[in-house]
Every structure is written in structure tokens, then in C-alpha cells.
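Chains A and B are the protein sequences, given in the same order.
Counting along the first sequence from 1, when you hit position 76 you're at 76 in our numbering, and nothing is skipped either side.
Counting along the second sequence from 1, when you hit position 24 you're at 24 in our numbering, and nothing is skipped either side.
Simulated from the structure, these hints should not be mistaken for lab results.
Just so you know, even glycine gets a beta-carbon here, dropped at the ideal spot from N, CA and C.
Be a bit skeptical, because a hint or two may be false.
Covered stretches of chain B, going by a simulated chain A footprint (3 or more residues, C-beta under 8 Å) [claimed, not checked]: (1) 29-36; (2) 43-55; (3) 79-89; (4) 92-103; (5) 119-131; (6) 142-150.
Under 7 Å between C-beta atoms, here's a sample of chain A residues computed to sit facing chain B [unchecked claim]: (7) THR58; (8) LYS63; (9) ILE66; (10) ALA89.
Derived DMTMM-like pairs: lysine to aspartate or glutamate, alpha-carbon spacing no greater than 20 Å straight-line [stated by the list, open to error]: (11) LYS16(B) - ASP27(B); (12) LYS63(A) - ASP46(B); (13) LYS74(A) - GLU60(B); (14) LYS162(B) - GLU146(B); (15) LYS168(B) - ASP38(A); (16) LYS141(A) - ASP129(A); (17) LYS168(B) - ASP20(A); (18) LYS119(B) - ASP38(A); (19) LYS25(A) - GLU60(B).
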Amino acid sequence: MTEFKNKMNGEQSRTNENIDRLLSKFFPPDQAQQIKTDFASADALFEKFPAPNPSQQTLTDIKQRIAQRLESRKHISWTGVLVKTASVAAVIVIISAVLLVNYTGKDLTQYAKDKQQASLWQREETDSDISTFEAEIEQLKSELLAINLGEENGTNGTLVNQIEQLELEIIETENTFWKG
Amino acid sequence: MSSSNDVTQIVERCRKGEPQGFSQLVDSYSSRLFGYFYRLTGNRDDSNELLGELFLKVVEKIGTCRPETFDAWLFKMASNLFADYTRAKKRRQKMLGQMAKETQTETQPPEIDDYMTDKLTRQLQRLDGETAEIIVMRYYSGLSFEELAKIRKEPLGTCLSKVHRGLKKLRQLMENCDD
Chain A
1 MTEFKNKMNG EQSRTNENID RLLSKFFPPD QAQQIKTDFA SADALFEKFP APNPSQQTLT
61 DIKQRIAQRL ESRKHISWTG VLVKTASVAA VIVIISAVLL VNYTGKDLTQ YAKDKQQASL
121 WQREETDSDI STFEAEIEQL KSELLAINLG EENGTNGTLV NQIEQLELEI IETENTFWKG
Chain B
1 MSSSNDVTQI VERCRKGEPQ GFSQLVDSYS SRLFGYFYRL TGNRDDSNEL LGELFLKVVE
61 KIGTCRPETF DAWLFKMASN LFADYTRAKK RRQKMLGQMA KETQTETQPP EIDDYMTDKL
121 TRQLQRLDGE TAEIIVMRYY SGLSFEELAK IRKEPLGTCL SKVHRGLKKL RQLMENCDD
């Protein structure tokens with residue numbers, strides 16, 4: 001067997017090709033026959049002038065380079081796995097952080113707004129309570145002072161008037177009671 | 001290598017990253033691939049370099065090929081590599097030409113080692129690049145015309161005609177040369 005045929009050894013595609021059927025699809029029978037003859041003579045030409053083979057040294061070098069590349073790929077693949085894992089973890093952390101900020105942030109804002117409104121409302125209520133209490137304390141103080149001074153009319157004489165009113169009511173009640 | 005089953009097994013081993021698989025691949029395909037590159041470049045050193053580069057590309061990209069179409073995949077890659085080589089060579093020659101113009105010196109001779117190449121290789125070099133490539137691809141890849149048309153992305157009839165016309169021209173060149 002020639003070198004050319006050796007090269008073609010195992011080439012299922014070409015050897016299984018039905019060249020007659022193929023040529024008949026595209027060319028008239030006489031032309032197809034001529035083309036087939038031309039192909040055959042070209043085959044003979046390539047057989048007559050075989051291409052050289054690569055040297056054994058070349059093949060050994062190629063195999064060594066392949067082995068080195070495979071080694072470095074192993075290393076790179078481990079590094080790659082680590083880098084990929086770290087990247088995925090970083091992405092998860094970033095996404096979680098973004099989601100946390102977006103959703104919890106909204107809740108917190110709403111909560112803060114509610115609290116702020118509530119505190120404003122409470123503050124208004126408290127302010128009015130305080131002013132009421134202050135007014136009452138002020139009034140009590142002045143009345144106490146008036147009592148201490150023996151004035152009939154304190155600051156505004158309310159307590160004295162009330163006591164008097166109360167005494168009158170008691171007398172009237174007693175009279176009414178005894179009258180039946 | 002004797003059957004497509006063997007190729008499939010070798011490719012599977014390579015895909016697992018087994019050095020022995022690649023070693024088998026080199027043993028099985030280096031002769032045909034070297035022939036392909038040598039016929040097109042006409043230079044042993046360049047062919048050796050392209051062969052080594054191709055197998056390293058195979059190592060990188062073996063995961064992307066389907067074992068059943070491995071030969072077509074491999075020779076398509078070889079074809080792309082040769083196209084890159086041709087472009088780089090043209091650029092280099094253009095650059096050298098410009099430098100020679102500037103310095104008024106002679107350009108370097110072509111890189112084909114004529115004294116060593118055979119008659120067939122020399123005549124193939126005289127064909128236009130595309131025709132030479134399709135002929136060489138046909139004879140070294142072992143692909144059918146159908147597969148060849150597919151990887152070249154052209155109609156089957158066109159592919160057949162190109163090979164036939166190229167072979168006729170090559171035969172004429174072979175008959176007319178003085179060697």
C-alpha cells in the first residue's frame with residue numbers, strides 16, 4: 001500500500017463516498033466519467049509525489065508541549081474553580097445586600113415615618129397636657145397664697161367661693177331635711 | 001486508527017484530559033496534517049510550527065468538538081490556522097517590501113525552500129490560494145465532498161467544480177513544467 005493510501009487509511013467519509021452517484025447529480029454521464037478519471041489521475045499524482053512526514057523529534061516536541069499545556073490547564077482549572085466559587089459567593093453577597101437594603105430599607109423608612117408622625121402627635125398632646133397642668137398648678141398656688149393671706153378673694157376667689165357655696169348648700173339641705 | 005469508533009474513543013480520552021489520548025491523536029493525524037501544511041506552505045519549518053500550534057489548539061478546544069465529526073472539525077481548524085499564517089506572511093512581506101524600498105535594498109527571497117520541495121508542491125504553490133487549499137484539503141483530510149462543502153460553507157456542486165478545475169490546472173502545470 002502506498003504512503004498516500006496509508007494516509008487515507010481509516011477515512012470512512014471519503015472511502016465510503018459514492019462518487020458515481022454524486023457526480024451524476026451534477027454532471028451529464030460523459031462529463032461525470034471524465035471528472036472521475038481526472039480525480040483518479042490526481043490520486044495517482046499525489047501517490048507519485050508523497051509529502052514528507054514530520055520528524056520523530058517534531059512529534060516528541062509536540063507531545064511534550066501538549067503534556068505541559070495539560071499540566072498548566074489542571075492548575076488553571078483549580079484556580080478557575082476557586083475564582084469562580086469566590087465570584088459566585090461575591091455575587092450572592094452583593095445581591096443579598098442589595099435586596100436587604102431595598103426591602104428592609106423601605107420598612108425602616110416607613111417605620112421611621114410612622115414613628116415621627118406618632119411622636120409629633122404625642123408631642124402636641126403632651127404639650128397641651130403640660131400647659132393645662134401648669135395652669136392648674138398656677139391657680140392652686142395663687143389660691144393657696146390667698147388663703148394663707150386671709151384674703152376673701154384670692155387670685156380669683158374660686159376656692160373661697162366654692163367653700164361658701166358648699167356651706168350654703170349644706171345649710172339649705174339641713175333646713176329642707178328638718179322641714180320634711 | 002482504523003475506524004470512526006477508534007477516533008471517537010481517542011477523542012473521548014482527550015476530552016477527559018488524558019495525555020495518552022492526545023499522544024494517540026498526534027500519532028494518528030500528524031502525518032496527514034503535516035502533509036496538508038507542507039503542500040500549502042512548501043516549507044518544512046513552517047509546517048512543523050503550524051502542526052505544533054494546531055495540536056495545542058486542539059488541546060484548548062477539544063471540548064467543543066463532536067467526536068463523530070472530529071476530522072472535519074480538525075481540518076477546519078487547520079484551514080483557519082493556515083489562513084492566519086497566510087495573512088501574517090503577507091503582512092511580513094509587505095513590511096519587508098516597505099523597509100526595502102526605504103533602504104533601497106533587495107527584498108528577501110520567498111520563504112519556500114524550493115531546493116527541497118517536490119515538483120507537486122511547487123506546482124500547487126502556483127495555483128491560487130483557494131484552489132490549492134481545496135485540493136490539498138480534499139486529499140489530506142479524507143473528507144467527502146459533502147463534508148468539504150459543509151466546512152467551506154458552499155454548495156456541493158460548487159465544491160466539486162472547484163476541485164475538478166483545480167486538478168485539471170494542476171495536471172497541466174505538472175505536464176508543462178521542466179523538472
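Results for each hint:
no.: 1; hint: 29-36; result: holds (count 5)
no.: 2; hint: 43-55; result: holds (count 6)
no.: 3; hint: 79-89; result: violated (count 0)
no.: 4; hint: 92-103; result: violated (count 0)
no.: 5; hint: 119-131; result: holds (count 3)
no.: 6; hint: 142-150; result: holds (count 6)
no.: 7; hint: THR58; result: holds, 5 Å
no.: 8; hint: LYS63; result: holds, 5 Å
no.: 9; hint: ILE66; result: holds, 5 Å
no.: 10; hint: ALA89; result: violated, 26 Å
no.: 11; hint: LYS16(B) - ASP27(B); result: holds, 18 Å
no.: 12; hint: LYS63(A) - ASP46(B); result: holds, 18 Å
no.: 13; hint: LYS74(A) - GLU60(B); result: holds, 12 Å
no.: 14; hint: LYS162(B) - GLU146(B); result: holds, 13 Å
no.: 15; hint: LYS168(B) - ASP38(A); result: holds, 7 Å
no.: 16; hint: LYS141(A) - ASP129(A); result: holds, 18 Å
no.: 17; hint: LYS168(B) - ASP20(A); result: holds, 19 Å
no.: 18; hint: LYS119(B) - ASP38(A); result: holds, 19 Å
no.: 19; hint: LYS25(A) - GLU60(B); result: violated, 40 Å
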